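Novice: Below, each chain spelled out in residue letters.
There are 2 protein chains.
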Amino acid sequence: MADEADSPVDRPQFTDDFRCDFETLLKWRRDVRRFKRDPLPVGKLDNLLRLADLAPSVGNSQPWRIVVVGSEEKRDKVIACFETQNELASQKYDRDQALRYKQLKLAGLREAPVHLAVYCDTDPVQGAGLGRATMPETLAYSAVGMIHTFWLAARSEGIGVGWVSILEPETVSTILQVDANWQLVAYLCVGYPEEEHVDPELERARWQARSPLKSRIFTR
Amino acid sequence: MADEADSPVDRPQFTDDFRCDFETLLKWRRDVRRFKRDPLPVGKLDNLLRLADLAPSVGNSQPWRIVVVGSEEKRDKVIACFETQNELASQKYDRDQALRYKQLKLAGLREAPVHLAVYCDTDPVQGAGLGRATMPETLAYSAVGMIHTFWLAARSEGIGVGWVSILEPETVSTILQVDANWQLVAYLCVGYPEEEHVDPELERARWQARSPLKSRIFTR
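Sequence order for the protein chains is A and B. Numbering-wise (numbering that gives the first Met the number 0), the first sequence opens with residue 0 and increments by one. Numbering-wise (numbering that gives the first Met the number 0), the second sequence opens with residue 0 and increments by one.
Simulated from the structure, these hints should not be mistaken for laboratory data. One or more of the hints may lead you astray.
No distinction is drawn between identical chains; accordingly, a pair holds when it is met within one copy or between any pair of copies.
What the hints assert, rightly or not - Quick list of in silico lysine to aspartate or glutamate cross-link-like pairs, DMTMM-like style, CA-CA up to 25 Å:
#  : residue 1 : residue 2
1  : K73       : E110
2  : K76       : E86
3  : K35       : E72
4  : K76       : E156
5  : K213      : D95
6  : K213      : D45
7  : K43       : E22
8  : K73       : D45
9  : K73       : E169
10 : K76       : E22
11 : K26       : E195
12 : K26       : E156
13 : K26       : D16
14 : K26       : D15
15 : K104      : D15
16 : K35       : E156
In this text the structure is predicted, and so the values were computed from the model without any measurement.
Looking at chain A on its own, in the form it has when it is part of the complex (with noise of 0.2 Å):
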């Protein structure tokens, strides 16, 4: 099957300077609450989503669908189902951990810049379906990767990603009147952060730290 144009070249080398900085992407990647009103420069989106775009995807399908949403209409909507499912969240908790989580910073949606619902096009034609017959829901894996991908790139341009996941993902859809075959896979607040961190909130804020590798990693 090969001819010259699909033989293969030689690869990249990547150095040590390269991984150290990639781990320091890495460790620096944060999910963003707090996020100051200033805009993206002119382009900058388009670039991250280009980026983004690279991701791998089942039967190279890019099942992705980004719904980038300006209208304040509709930012104000998202935000008071947030709220809602926010409130409801908490209810779930006893009495101290409810006080404990309400006084987590959970979304900046308010502040944020730019908001991207991402989708996942449940049925699509690229593809042709190869890879997704006995495990479908590896159309929104794709759209995951595509997330990191994203987040990585963004992290890398100083740019802070904060995934918004509390959220009722049917009332999103109808405010965004998006194609019934679309499955909402993220809601992303995208902007400048107010602060940095190496740590995540949810460690800062004493309700959840990181555990040790080695309790997630079995042989058979």
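Knowing the structure of chain A, use the given hints to seat chain B on it.
Specialist: Using the frame of chain A, we list chain B on its own:
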């Protein structure tokens, strides 16, 4: 809430050179299905998993569970599961497309020195349920972020990763005898690539090319 230990610090500055190399990393990440049999150097897998464990997770729950599949017997059973599902998948296409499907190389299970089954604990204690009341699928999405981090870190060391999804998850879980609460997110082949390509295998084989990004961006 801020005290001295919690105060924000100066963020790291990433250079244009780093961002340029990071873009190269994204472009060369690739899903690898053609592996050399050479084992990874001692300690390499542990280091990649350490980096992958820096991935974001809902409520800081770190719900990924990584099974290193070393048993030849279990690997053989997983390979048999792949072969069965791959044959079934080919039967969904009409004659010409089925022939083309069968010519595709979709997994490198026989050659890859490392097999990882990545699971998600669907009811982890860690995180106390935060952020997943309305979207419990964010647990599996967190595992995907871990996998994608692993993939990029591996690639930065010249190591290839292939994500095999043509598997019946329940069969794999039975083979690996994992906790009933665990959901299979991905089965990964890991090793040094036999060939290096900047374009996806499915694009080279003319199964599915990538399409323009603008078709995936919407405004509301």
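Novice: Does each hint hold? Answer for all of them.
Specialist: Against the structure, the hints come out as follows:
1. K73 to E110: within (15 Å within a copy, 51 Å between copies)
2. K76 to E86: within (15 Å within a copy, 47 Å between copies)
3. K35 to E72: Only inside one copy: K35 and E72 sit 20 Å apart there, 55 Å across copies, limit 25 Å.
4. K76 to E156: neither (30 Å within a copy, 45 Å between copies)
5. K213 to D95: neither (31 Å within a copy, 48 Å between copies)
6. K213 to D45: So K213 and D45 pass the 25 Å test across copies only (10 Å; inside, 39 Å).
7. K43 to E22: Both: 23 Å inside a chain and 15 Å across chains, each within 25 Å.
8. K73 to D45: Within. Shortest intra-copy distance 21 Å satisfies the 25 Å Cα cut-off; inter-copy 45 Å does not.
9. K73 to E169: within (14 Å within a copy, 41 Å between copies)
10. K76 to E22: neither (38 Å within a copy, 36 Å between copies)
11. K26 to E195: within (12 Å within a copy, 28 Å between copies)
12. K26 to E156: both (15 Å within a copy, 18 Å between copies)
13. K26 to D16: both (15 Å within a copy, 19 Å between copies)
14. K26 to D15: both (17 Å within a copy, 19 Å between copies)
15. K104 to D15: neither (37 Å within a copy, 32 Å between copies)
16. K35 to E156: within (15 Å within a copy, 36 Å between copies)
The earlier numbered hints that this structure contradicts are 4, 5, 10 and 15.
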